[in-house]
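A.B. asks: Sequence lines, in order, name chains A and B.
Going by my numbering, the residue at position 98 of the first sequence is 98; the numbering climbs one at a time, nothing skipped.
Going by my numbering, the residue at position 1 of the second sequence is 1; the numbering climbs one at a time, nothing skipped.
Don't read these hints as lab results, they were simulated from the structure.
All values derive from a computational prediction rather than experimental measurement.
Glycine included, each C-beta is placed from N, C-alpha and C at the ideal position.
Careful, some of the hints might be misleading.
[Stated by the list, open to error] Derived list of chain B stretches under chain A, where covered just means 3 residues or more per stretch with a C-beta under 8 Å from a C-beta of chain A:
{"#": "1", "stretch": "56-69"}
{"#": "2", "stretch": "217-226"}
{"#": "3", "stretch": "258-266"}
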Amino acid sequence: MRRYGPAVLLALTGAAVLRISLFGDLYLRYVQPGLRPYLIVSGAVLVLLAAATALAGREHGEADEEADAHGHSHGPAGPRVAWLLTLPALALLLFPPPALGSYSAGREAAQRAAQGVGTFPALPSGDPVELTLAEFGSRALYDSERSLTGRTVRLTGFVTHGEDGTWYVTRLLVSCCAADATTGKAEIRRAGAPPVDTWVTVTGGWHPEGGPGSDAAWPPVLDATDVRRVEQPANPYEKR
Amino acid sequence: MDDRRTVADGVRLAVRALVYAVLGGVALLTVATVVSVLGPVLALDLYTPPVAAWWTVFTAVVVQGVPFLLLGTVVSAAIGAFVPERAFSRLLPRNQALAVPVAGAAGVVLPGCECASVPVAGSLMRRGVAPAAALAFLLSAPAINPVVLVATSIAFPGQPAMVAARLLASLTAAVVMGWLWVRFGKDEWLRLPKSRTAPGASSYGWTGFVSGLRHDFLHAGGFLVVGAGAAAAFNVAVPRSVLEIFTDSAWLSVLLLAVLAVVLCVCSEADAFVAASLSGFSPTARLAFMVVGPMVDLKLIALQTGTFGRAFAVRFASVTWVVAVTSSVLVGWWLL
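Construct the complete structure from the given sequences, taking the supplied hints into account.
C.D. replies: Now the structure itself:
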């Protein structure tokens, strides 16, 4: 085990990275789609490195072990700290942690995008129009031409509950990895609240509150005509 | 006679093997039964929403860090294995005070976040680059490379002053830290492995590259896990919204965001978006968040402890924090 320890560690880490990126899209629970090619390359490199290490270990095991002992003598933490890599690796291989949900959304006050009142490019034609919660929020808040008026909008997210019976369709916004998640949400009216953390697609019309850019306009409100339960999408987050 | 002894030996061996197999099997079965019965009960009790969120954020920070850490260790192993001993000392000015700004500006060429820069700085020192210059590179590379600057300009649309301020404040802090090391730094604080391989074994060429890569990645990877665990704990324990209470005081808000940058460990390619979302805070406070983050955070302190030793990491991180905050306050006051 001593001789093959490094090879086992590298193989585990590589396999974990490949499992979430190459064999499925679990990586979307943790990072953004753009990172996928880099994850696949890293996983492959780690597996190759593990193979090279194992082969080298078999050919001249004794000399190699000595080299390792020498190389690691510089730190009291030594190579033992590397075994911590098994923690995330085994977690990813055996029990991939779930995507962040209502708990994290409730911890953060929903952020209104920082921007000024202005005009927006025209919405795509045809009803209903699919919008991200970020897009819906900024148009509801900052569009001086009120392009949402009279349109039927469709939003997808998970359910969170507010005080005195209000409920929201919520989505976490991630720009790099789940550690930087912020919350986007829209209040849903004229429909009963589904249980917390249910994924739903809500269709309805924008309900204006307050003037553009005012505090009363946040969070944006949607009068629902249809609430449908859906599966959690492959990418549970929105790109900020 | 001989035959009988071999037969007896064989029987004894078989019995011993049987006993071991039965004992081992029973033990294994017991463990498996206990775990499969108690495991789910225990796991459900412990797997509360905050714990689940901790696991997700922890895994996310590690997954995000692995490609960049690997890039950094590939570059550092390549420097160790293929670059001749004196190449860098010929490229850099002999005078350390001059070498520092050159090395700081050279940080532009490493397109990655902070995980990549620590192993590279370590291998630069092993290749004879003055520690002061290598440290300036270590601090500036994650903050001023093109990827990060473009991300900043996207996060702050229509505010080119913010990008310029970030570039200027980060570079200033990196160069000042380099000069401080020239003046006050002591080499005994740094604990660098002189060579990764046994005397006599080749540290050059492909063999050296592979063994260097393996060692650097495993070592730094372990410390990345430590940092990710700490970052996830703070991320789950301290909601960002709590801080909005303190947005009124200009001074307090700068210090708060500078502390937040240390504990949140947001990768330098993403921190501009987080800074942009902290809309209650002054531009200078948000600048401090972006300048401190790539230079000092829990993940980096863990990585530096692993590469350079604890004595170094503690001193270096605390002084860097002060210098980075000062530099962003001055630049923010001038530009923003």
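A.B. asks: A separate judgement is required for each hint: does it hold in the structure or not?
C.D. replies: Hints, verified against the model:
1. For the stretch 56-69 of chain B, the stated coverage by chain A is satisfied: 11 residues place a CB nearer than 8 Å to a CB of that chain, which reaches the threshold of 3.
2. Counting residues of the stretch 217-226 of chain B whose C-beta lies closer than 8 Å to any C-beta of chain A gives 8; at least three are required, and the coverage claim holds.
3. Given as covered by chain A, the stretch 258-266 of chain B passes the check, having 3 residues with a CB less than 8 Å from a CB of that chain where 3 are the minimum.
Going through the hint list in order, the structure satisfies each hint without exception.
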